[in-house]
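Residue numbers (this note's numbering), protein chains in the order written: chain A, 115 to 323; chain B, 22 to 936.
Hints are computed from structural coordinates only; laboratory data are not their basis.
Among the hints, a few may not be true.
[Claimed, not checked] In silico SDA-like pairs for lysine to any residue, Cα to Cα no more than 25 Å straight-line:
| id | chain 1 | residue 1 | chain 2 | residue 2 |
| --- | --- | --- | --- | --- |
| 1 | B | Lys28 | A | Gly283 |
| 2 | B | Lys28 | A | Arg193 |
| 3 | B | Lys28 | A | Leu282 |
| 4 | B | Lys28 | A | Pro256 |
| 5 | B | Lys28 | A | Gln276 |
| 6 | B | Lys28 | A | Val257 |
| 7 | B | Lys28 | A | Glu230 |
| 8 | B | Lys65 | A | Gly283 |
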Amino acid sequence: MAGPVDNPQGEVTELLQQLRAGDSEAFDALIPQLYGELRRIARENLRRERRGHTLATTALVNEAYLRLVENRQISARDRSQFFGAASLTMRRILADYARARKRLKRGSGVAPVSLEEASEVMSAPEADEILALDDALERLAPVYERASLVVQLRFFGGLEMQEISSALGISVRTARRDWISARAWLRQEVADDLGVDMSDPPEESRGSE
Amino acid sequence: MDTDRWKHIQSLFLDLLEVEEGQRDEWLRDACAGDRDLERAVLKMSRGHRDDSQLRIEGRLLKAQRAGDGDLAGQRLGAYLVQREIGRGGMGTVYLAERVDAYQQRVAIKVLSPGLRNPELDERFRRERQILAGLTHPHIANILDGGVTTDGRPFLVLPYVDGLPITQYAEDRGLDLRQRLGLFQTVCDAVHHAHGRLIVHRDLKPSNILVSDGGDVKLLDFGIAKLLTAPVSEPDPTASADVREPVRSAGSAGATGATQGLRLLTPEHAAPEQVQGQAVTTATDVWALGVLLYQLLTGAKPFPAADKTREELEEAICRRDPIPPSAAAPAAWAKRLRGDLDAVALRALAKDPDRRYQSAEQLADEVRRHLVSEPVRARSGTPAYRTALFLRRHAWQTAAVGVFIMSLLAFAAQSTLQSKALQRERDAARLDRDTAEQVTQVLVDLFETTNPIHRPGSGAMTVEELLDEHSDRVIAGLDGEGVVQAKMRHILGTVHRAHSRFDRSRELLQGALEQQVELAGWDDRATLEILHDLGSLEVTSGDRDVGLDTLRRALDLRRKALGEDDPSIPVSLEAVANALPPASPERSQLLDEALEKRRHLEPEPGLGTADVLNNLGLARLAEGRLKEALALFEQSGELVEKLLGEDHPFAVVIMANISVTLTNLNRFEEAQELDRDLVERSRAIYGPESAAVAKALNNLGTTLAAGRRWPEAEEALGQSLALHRQLFDLGHVETQNTFRNLAYVIEFQGRFDEARALLEELGPDGGATPRDAALIEIQIEGLRLRSEGARVALPRLQSLAARLEATEPPLDTIVLAIHESLLGLAYLETGQFEDAEATYRGLSTSFEGHYPPPHPLWAKAECGIAAALAGRGLNDDAHRRFEACIEPFAGWGWANPQTVELYRRLAESAATAAR
Numbered sequence: 115m116a117g118p119v120d121n122p123q124g125e126v127t128e129l130l131q132q133l134r135a136g137d138s139e140a141f142d143a144l145i146p147q148l149y150g151e152l153r154r155i156a157r158e159n160l161r162r163e164r165r166g167h168t169l170a171t172t173a174l175v176n177e178a179y180l181r182l183v184e185n186r187q188i189s190a191r192d193r194s195q196f197f198g199a200a201s202l203t204m205r206r207i208l209a210d211y212a213r214a215r216k217r218l219k220r221g222s223g224v225a226p227v228s229l230e231e232a233s234e235v236m237s238a239p240e241a242d243e244i245l246a247l248d249d250a251l252e253r254l255a256p257v258y259e260r261a262s263l264v265v266q267l268r269f270f271g272g273l274e275m276q277e278i279s280s281a282l283g284i285s286v287r288t289a290r291r292d293w294i295s296a297r298a299w300l301r302q303e304v305a306d307d308l309g310v311d312m313s314d315p316p317e318e319s320r321g322s323e
Numbered sequence: 022m023d024t025d026r027w028k029h030i031q032s033l034f035l036d037l038l039e040v041e042e043g044q045r046d047e048w049l050r051d052a053c054a055g056d057r058d059l060e061r062a063v064l065k066m067s068r069g070h071r072d073d074s075q076l077r078i079e080g081r082l083l084k085a086q087r088a089g090d091g092d093l094a095g096q097r098l099g100a101y102l103v104q105r106e107i108g109r110g111g112m113g114t115v116y117l118a119e120r121v122d123a124y125q126q127r128v129a130i131k132v133l134s135p136g137l138r139n140p141e142l143d144e145r146f147r148r149e150r151q152i153l154a155g156l157t158h159p160h161i162a163n164i165l166d167g168g169v170t171t172d173g174r175p176f177l178v179l180p181y182v183d184g185l186p187i188t189q190y191a192e193d194r195g196l197d198l199r200q201r202l203g204l205f206q207t208v209c210d211a212v213h214h215a216h217g218r219l220i221v222h223r224d225l226k227p228s229n230i231l232v233s234d235g236g237d238v239k240l241l242d243f244g245i246a247k248l249l250t251a252p253v254s255e256p257d258p259t260a261s262a263d264v265r266e267p268v269r270s271a272g273s274a275g276a277t278g279a280t281q282g283l284r285l286l287t288p289e290h291a292a293p294e295q296v297q298g299q300a301v302t303t304a305t306d307v308w309a310l311g312v313l314l315y316q317l318l319t320g321a322k323p324f325p326a327a328d329k330t331r332e333e334l335e336e337a338i339c340r341r342d343p344i345p346p347s348a349a350a351p352a353a354w355a356k357r358l359r360g361d362l363d364a365v366a367l368r369a370l371a372k373d374p375d376r377r378y379q380s381a382e383q384l385a386d387e388v389r390r391h392l393v394s395e396p397v398r399a400r401s402g403t404p405a406y407r408t409a410l411f412l413r414r415h416a417w418q419t420a421a422v423g424v425f426i427m428s429l430l431a432f433a434a435q436s437t438l439q440s441k442a443l444q445r446e447r448d449a450a451r452l453d454r455d456t457a458e459q460v461t462q463v464l465v466d467l468f469e470t471t472n473p474i475h476r477p478g479s480g481a482m483t484v485e486e487l488l489d490e491h492s493d494r495v496i497a498g499l500d501g502e503g504v505v506q507a508k509m510r511h512i513l514g515t516v517h518r519a520h521s522r523f524d525r526s527r528e529l530l531q532g533a534l535e536q537q538v539e540l541a542g543w544d545d546r547a548t549l550e551i552l553h554d555l556g557s558l559e560v561t562s563g564d565r566d567v568g569l570d571t572l573r574r575a576l577d578l579r580r581k582a583l584g585e586d587d588p589s590i591p592v593s594l595e596a597v598a599n600a601l602p603p604a605s606p607e608r609s610q611l612l613d614e615a616l617e618k619r620r621h622l623e624p625e626p627g628l629g630t631a632d633v634l635n636n637l638g639l640a641r642l643a644e645g646r647l648k649e650a651l652a653l654f655e656q657s658g659e660l661v662e663k664l665l666g667e668d669h670p671f672a673v674v675i676m677a678n679i680s681v682t683l684t685n686l687n688r689f690e691e692a693q694e695l696d697r698d699l700v701e702r703s704r705a706i707y708g709p710e711s712a713a714v715a716k717a718l719n720n721l722g723t724t725l726a727a728g729r730r731w732p733e734a735e736e737a738l739g740q741s742l743a744l745h746r747q748l749f750d751l752g753h754v755e756t757q758n759t760f761r762n763l764a765y766v767i768e769f770q771g772r773f774d775e776a777r778a779l780l781e782e783l784g785p786d787g788g789a790t791p792r793d794a795a796l797i798e799i800q801i802e803g804l805r806l807r808s809e810g811a812r813v814a815l816p817r818l819q820s821l822a823a824r825l826e827a828t829e830p831p832l833d834t835i836v837l838a839i840h841e842s843l844l845g846l847a848y849l850e851t852g853q854f855e856d857a858e859a860t861y862r863g864l865s866t867s868f869e870g871h872y873p874p875p876h877p878l879w880a881k882a883e884c885g886i887a888a889a890l891a892g893r894g895l896n897d898d899a900h901r902r903f904e905a906c907i908e909p910f911a912g913w914g915w916a917n918p919q920t921v922e923l924y925r926r927l928a929e930s931a932a933t934a935a936r
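Using the sequences and the hints given, assemble the complete structure.
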């Protein structure tokens, strides 16, 4: 596990402060911390048989926030930074799970994911969707980065429009417009990518939560 | 695609959404001015917007809401100061606030999500708020106030309820089924109250039903869902489309405002008619109550969203039957859910609103019916159900628990006690016959050489006491007279044995044996007599196996050394037979041989024959062959009365055996008359304050108890106990036996506290032996079963099992059987029929060999199995078993008439169903 064990709370809070002070390397240092914690939470959900929650990014990211950020009175800016980093990390984790699920190599390299774990987290069709979504977002970013960030924050960080607007320094209306259009575009991209099978039921069904 | 192109597409797409549906195509063609690629791209994007089935992962990613945004904290809303956010749900955000004017009331303020606002909603909001303000019920958190925030969001002020969602409360507190159902009934009552005012909740779910620390239930958000959705009377054409959004929380997507409210519905709790956009009625709340009941019973949801898409979830809600609660619940609960509660939950979750319970009240009533074991409407009619209900409804604990235990003990005690009494008689007789002269001489010497014997606080010593206290001196005084000394040791050994001083007895008998073998060798009559008595001692003191070996050795040696016709052979045969398990075939065989030898030795049937007849009677009694036993006892009794007169102790013992047999044969009148007669005879023979009278009174009380003549039984046992306590201390085996019997009889008259006090007087370590201690403990649990019910008693009976297993020396079959039969009853009473069946089967197995069919104990165990099978609905099996066991059981004097009646009706019901 890449995450530190000693005092993750203090460390994450400190990194957020460094980030605010303009230390952009602090962002990179945040990622492994978050990666470890988010996967731990996802696995705990698996263990607690709360499989329905394993992909609920809002809950995962928020729980990581509660666990990792020492003083909840931190500034809104720090909060935004945290959720920005967390949504990126969550996206990487899900892509890693999806690749493991599809037995593809090439992970983000932070920590290996077993097929068994990945299979518990998501079904094969879901893994396909995650990978297609990740690819589509990659394609969207160079074209229209703001919209790709809105989607990333919404889908993988679970942020509300208001939070997204303050995180990106845009109006709620703009955030919502970006969200609606980017989501619509992504849906079509994913559908094109995956072909016609989309309307069939998922090939696997898992236990209830 | 480049950035500008993308921006262009996006802009056209967003504008297109503002255009009225019918004019979009035309508008777009104009806007694109012949750029077909642009037109296609915009259309594609708008298809993506409408069709959320293409990215099903969305639903799972956006599943939950997050708490922790405090943006209204510190603000003032009307008369309230917002303190902090306490939750976030489908409606928006909930804050804790305090009234800042005179009242200082803590409230919860629910601020609706910004996207929910529109003018139409505002108007309806005001109207509905007034209706809801009139909803006052102790378990409904009614709206206190409301308004609009500065940024235009409507808010509602509700009483602050410091509690947990009902399901979480039930989990955290580890509530049992009954407690959960109690909470559920409260919820139903509150919902019914609102329905009476034509207010439908529409979004009942655990997070809207909070339970405070003190267990107080409060329903939140009553009618609020309606504030946010189109009225039932004016179906919103877009509602059904909108409700088909992916599983997702409010405000997560920028859908159009007016119909967004429906998305607030929690899909996992939504009824089919809600999913399908049809009319919402009170039946919709009944569905939600069904979902809640299901969750409370199983910890799971009947239609979990899990990783389902919205369509799959809707499909499940509208078309698929949920797994019955008993199959979804943890194994430990499954059995209690199977049947009634399965049926009730599934009825509430009927797809067709008309097929659900008519009202929340009716649902609550079903739960009540289940709790008091009345038939639930959902299951009326099936034979298996009637049988199970019948079983459950009968207060099983009023069945013959107490008396049954007494009877079991009676079976166990008879053979040992009765033969012990005879043994003492025989010891005395032999004392008279063989060595009277020698012993008399010794005693005369002894009396002459000692000072007058005086013991403080009592009169003169009996000869036995004298011998007991002076054994060593007597033996030492005989030094040099080997044969007499060995004889004296032997006699004193048997005297000590008769007084239950086993260690001392063993020491003396072994000394006697050594001395006698040295003097006369192993072929000597006296040597073998000592060996025989040593064997009897081991049997009496509890080491049956060692004793049996010794007795067999004595028998073999006697056959060889003294010949088959020696009078000691039948004595040996009987002793070996009596040491064998009651129903073993070898026992009867040995006794038959003994009887033959007796008859051969006694041309005129004498006491020896009477003795064997009595022993054979005891063997038949133990096998449950009651009529044969009675005939043998009667023959024996006639002989004894002819030879010794009816006031002889031997005659009294045989009469007692006859009385016990009559009781088992259901002939109480004769039995109790005989017992009363025996009390009188014992008084005449032994004096009014003797152990024999105490014993006779105990027997009379037991017989009266079997005849269910409680007050008379209590009187006899009370007298017996008084006498026992006068003669012995509380720790004496016989005293404790009577004590327990009296406690049963008192318990049986419903005076539980008194019975408990009696048993507690014996104390936790009050048992005379580990066996008695176990019996006291079992009886206390039996009492609990009757007084507090099976649910309370069951766990204690279960944990008692392990303690009984671990008891040293190991407990006999009968004691364990008493416990098992109580456990079986507790399982039956709680409707855990499979466990009941297993328990009774275990009982039946442990009776095997001891109490073969048609022994009443065998029948008792079989009837238990049959009842459990009937409870499981296995009517064929139940019917077959009842056929074989019900008559032997019904004909038994100890069988409780109520239990017999219950079994008969169960048997009938099983027979009907089997056909």
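> Between Lys28 (chain B) and Glu230 (chain A), is the straight-line Cα distance small enough, at 25 Å or below?
Replying inline: violated, 42 Å
> Lys28 (chain B) and Arg193 (chain A): Cα distance at most 25 Å?
Replying inline: Cα-Cα ~29 Å, so violated.
>> Given the hinted pair Lys28 (chain B) and Leu282 (chain A), is their Cα-Cα distance within 25 Å?
In response: holds, 18 Å
> For the pair supplied as a hint, Lys28 (chain B) and Val257 (chain A), is the alpha-carbon distance within the 25 Å limit?
Replying inline: Roughly 9 Å between the alpha carbons, so the hint for Lys28 (chain B) and Val257 (chain A) holds.
>> Check whether the Cα positions of Lys28 (chain B) and Gln276 (chain A) lie no farther apart than 25 Å.
In response: holds, 22 Å
> Is the hinted pair Lys28 (chain B) and Pro256 (chain A) satisfied, with a Cα-Cα distance of at most 25 Å?
Replying inline: holds, 13 Å
> For the pair supplied as a hint, Lys65 (chain B) and Gly283 (chain A), is the alpha-carbon distance within the 25 Å limit?
Replying inline: violated, 29 Å
> When you check the alpha-carbon spacing of Lys28 (chain B) and Gly283 (chain A), does it fall within 25 Å?
Replying inline: The hint holds at about 19 Å.
Taken one by one, the earlier hints fail for this structure at numbers 2, 7 and 8, listed in ascending order.
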